[in-house]
Structure formats: C-alpha cells, structure tokens
Amino acid sequence: MIDIQLLRKDIASAAARLATRKFQLDVETFNALEAERKQIQSRTEELQGKKILSPSRLVILEARAKILPH
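In terms of this note's numbering, the sequence shown is residues 1275 to 1344.
It is worth saying that the hints were derived from the structure and are not from the lab. There's no promise every hint is true.
Think about it this way: if two alpha-carbon atoms lie no more than 27 Å apart in a straight line, the pair counts; the simulated DSS-like pairs of lysine-lysine are [to be verified]:
#1 K1325 to K1340
#2 K1312 to K1325
#3 K1296 to K1283
#4 K1324 to K1340
#5 K1312 to K1324
#6 K1312 to K1283
The following label-pair restraints were derived from C-beta to C-beta distances [what the hints assert, rightly or not]:
#7 L1292 to K1312: 17 to 25 Å
#8 K1340 to E1308: 44 to 52 Å
#9 Q1313 to M1275: 22 to 30 Å
The model shown is predicted, which means the values in this text are computed figures rather than measured ones. Yeah, the Cβ is synthetic: ideal placement off N, Cα and C, and Gly gets one too.
Based on the provided sequences and hints, a complete structural model is requested.
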C-alpha cells in the first residue's frame, strides 16, 4: 500500500520509486486532485463552524426577543 503522507510530502521521490516498479504516477493529476481535496476540506470545516454557531445565535435571538417588547 502507498502511504498518502509520502505522496503529499515528496511526490517526486514516490513517483520515481513507483517507476522502478513499472507504474507511471500521473503527478499532475494527483496534485490537481490534492488541491481540490484541500479546498473541499476547508469549505467543509467552514460550514461545520457555521453550523456550530447557528444554535448559539438562535439562543441569543430568542433571548433578545423575550427581553425587547414587540
């Protein structure tokens, strides 16, 4: 099995070692997919953070509604 951390850290070396085993690693495609994965992961973390904040915002708004007259 190939260590994903090795691919991320030193893809050129990993590609060279794979070439000795007659496997052609498409480095450009790997790098493009890795960049896309990072973007998706960042967006996911951002949305999860907003999801966590939403209930607390709701509590604050409900408290304000109770305090302020209509």
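Q | Hints violated by the structure (numbers, ascending) | A | The structure breaks none of the hints.
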